[in-house]
Amino acid sequence: MKKIFVTMIAFCIGLSVWAQQPVMLKLNPVQNKTYRIKTVSTQNMSQTMGGMQQNTAVNSTTVLSMKMVESGVDFLVMEIRFDTMLVNTNAAGMNIDINSSKPGDLQSNDIGEVLSVLMNRYCSNPLYAKMGFDGKVIELINLKLFTDLMMKDVDSIKSQYAQVIKSRAAMMADPGSIQSTIESITAYLPGKEVETGGSWDISLKTNSGGMMYLITSKYKLNGTNNNIADIGFDSTIEPASSAPVKMDAATITNNIRGSSKSAMTIETNTGMIIKSEGKYHMEGDLGVEAQGMNMSIPTVISGETTIVALP
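For what it's worth, this note's numbering labels the leading residue of the sequence shown as 746, then goes sequentially.
The hints are simulated quantities; they were obtained by calculation from the structure and are not laboratory data.
Worth double-checking, as some hints may not be accurate.
Straight-line distance between alpha carbons at most 27 Å, and here's what the computed DSS-like set of lysine-lysine pairs gives [as the list claims (entries may be wrong)]:
(1) K783 to K1024
(2) K897 to K911
(3) K881 to K937
(4) K937 to K778
(5) K875 to K771
(6) K1024 to K771
(7) K771 to K1020
(8) K950 to K911
(9) K783 to K875
Label pairs and their calculated CB-CB ranges [stated by the list, open to error]:
(10) P848 to A988: 35 to 41 Å
(11) T1015 to S853: 39 to 45 Å
(12) P767 to M797: 54 to 60 Å
(13) N1014 to N800: 40 to 46 Å
(14) S853 to H1026: 32 to 38 Å
(15) Q798 to E1022: 27 to 33 Å
(16) N1014 to N967: 15 to 21 Å
(17) N777 to A907: 38 to 44 Å
(18) K950 to N1014: 25 to 31 Å
(19) G796 to G1037: 19 to 25 Å
(20) S986 to P767: 33 to 39 Å
Built from N, CA and C at the ideal position, the CB exists for glycine as well.
Given these sequences and hints, build the entire structure.
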């Protein structure tokens, strides 16, 4: 009886140790298998100018495909395609629809039609990214070809909104912006073993409306079950730089900060995301200098983002 009791204790201790075994959390997709990921975001922004409040709502959907075509000792080469990009913006009653599935018209006076041309090109050509096992981009191998194809004939735009459109096109073609778009879907892994309850930090820069933000996230592995890891993370959001930004004819100083709270599940054997949901809130002001005038624009931004793997 005593022997059985001791054996049961040893068995239970063994189970406890097994439950605490570290799990490798790194990007490790199956070679030449295509993974499709859908991101849906909603954002509401309220700004006060001259005593008047202006609200802007942005709804976007992106479907991205990734395929690992080569692997090395400390890197992967991923073929990345933006299959679909849809953006609807409603600002002060002005509605702009951008749809990558439409060819658009580069010489249209409709901003949405012109930007749809650029988005269509963005989604028509693959990118090849050299990445670390933590999901961060090391190099965009064919970046110049990708951006040259997207920016073709942009200088010929004659629309009354030409300057605004060209500025938006430059943002889309910016290497940092392209990298942050990819990393927003891939860079959440430590690239190493983590025990249940363990944590890791990841910092990323992202471009939002021409403003660069630094997002610093603390991730925690809550547990694993049947090849699925449950992860929670909190993030702080702040300007990536205190330097003013030139935008069209204005100089803008960004003083907006905030935080977000999210949860996600991933496959432990591939590191690929299954689902992620998060909400964020930001407040502050934009200092604007234009035509010899200075103003401060109080701004409140809130939104949520859902990322889900598609069959």
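Verification of the hints:
1. Restraint check: the Cα-Cα separation between K783 and K1024 comes to about 17 Å, which is no more than 27 Å; the hinted pair holds.
2. About 12 Å separates the Cα atoms of K897 and K911, which keeps this hinted pair within 27 Å; it holds.
3. Pair hint K881 plus K937 holds up; C-alpha atoms about 14 Å apart against a cutoff of 27 Å.
4. Annotation: proposed proximity of K937 to K778 holds, straight-line Cα distance about 23 Å (limit 27 Å).
5. Between K875 and K771 the alpha-carbon distance is near 15 Å, which keeps this suggested pair within the 27 Å criterion.
6. The hinted pair formed by K1024 and K771 meets the criterion: a straight-line CA distance of about 25 Å does not exceed 27 Å.
7. Proximity of K771 to K1020 is assessed by CA-CA distance (about 16 Å); at most 27 Å being required, the pair is judged to hold.
8. Proposed proximity of K950 and K911 is supported: the alpha carbons are some 22 Å apart, at most 27 Å.
9. Simply put, K783 and K875 have alpha-carbon atoms about 22 Å apart, close enough for the 27 Å limit, and the pair holds.
10. One distance hint, 35 to 41 Å for the beta-carbon pair P848 and A988, holds here, with the actual separation near 38 Å.
11. For the pair T1015 and S853, the beta carbons lie near 43 Å from each other, so the given range of 39 to 45 Å is met.
12. Range check, P767 to M797: about 56 Å between beta-carbon atoms, so the 54 to 60 Å window is met.
13. Here the CB-CB span from N1014 to N800 is close to 45 Å, well matched to the stated 40 to 46 Å.
14. The given range of 32 to 38 Å is respected by S853 and H1026, whose C-beta atoms sit roughly 36 Å from each other.
15. The hinted range of 27 to 33 Å is satisfied by Q798 and E1022, whose Cβ atoms lie roughly 29 Å apart.
16. The hint said 15 to 21 Å for the Cβ distance between N1014 and N967, and at roughly 18 Å that hint holds.
17. About 43 Å separates the C-beta atoms of N777 and A907, a value consistent with the hinted range of 38 to 44 Å.
18. Taking 25 to 31 Å as the suggested C-beta distance range, the pair K950 and N1014 conforms, at roughly 30 Å.
19. Between G796 and G1037, the C-beta spacing of about 21 Å keeps the proposed range 19 to 25 Å intact.
20. The beta-carbon spacing between S986 and P767, approximately 37 Å, falls within the hinted interval of 33 to 39 Å.
Comparing the model with each numbered hint stated earlier shows that all of them hold.
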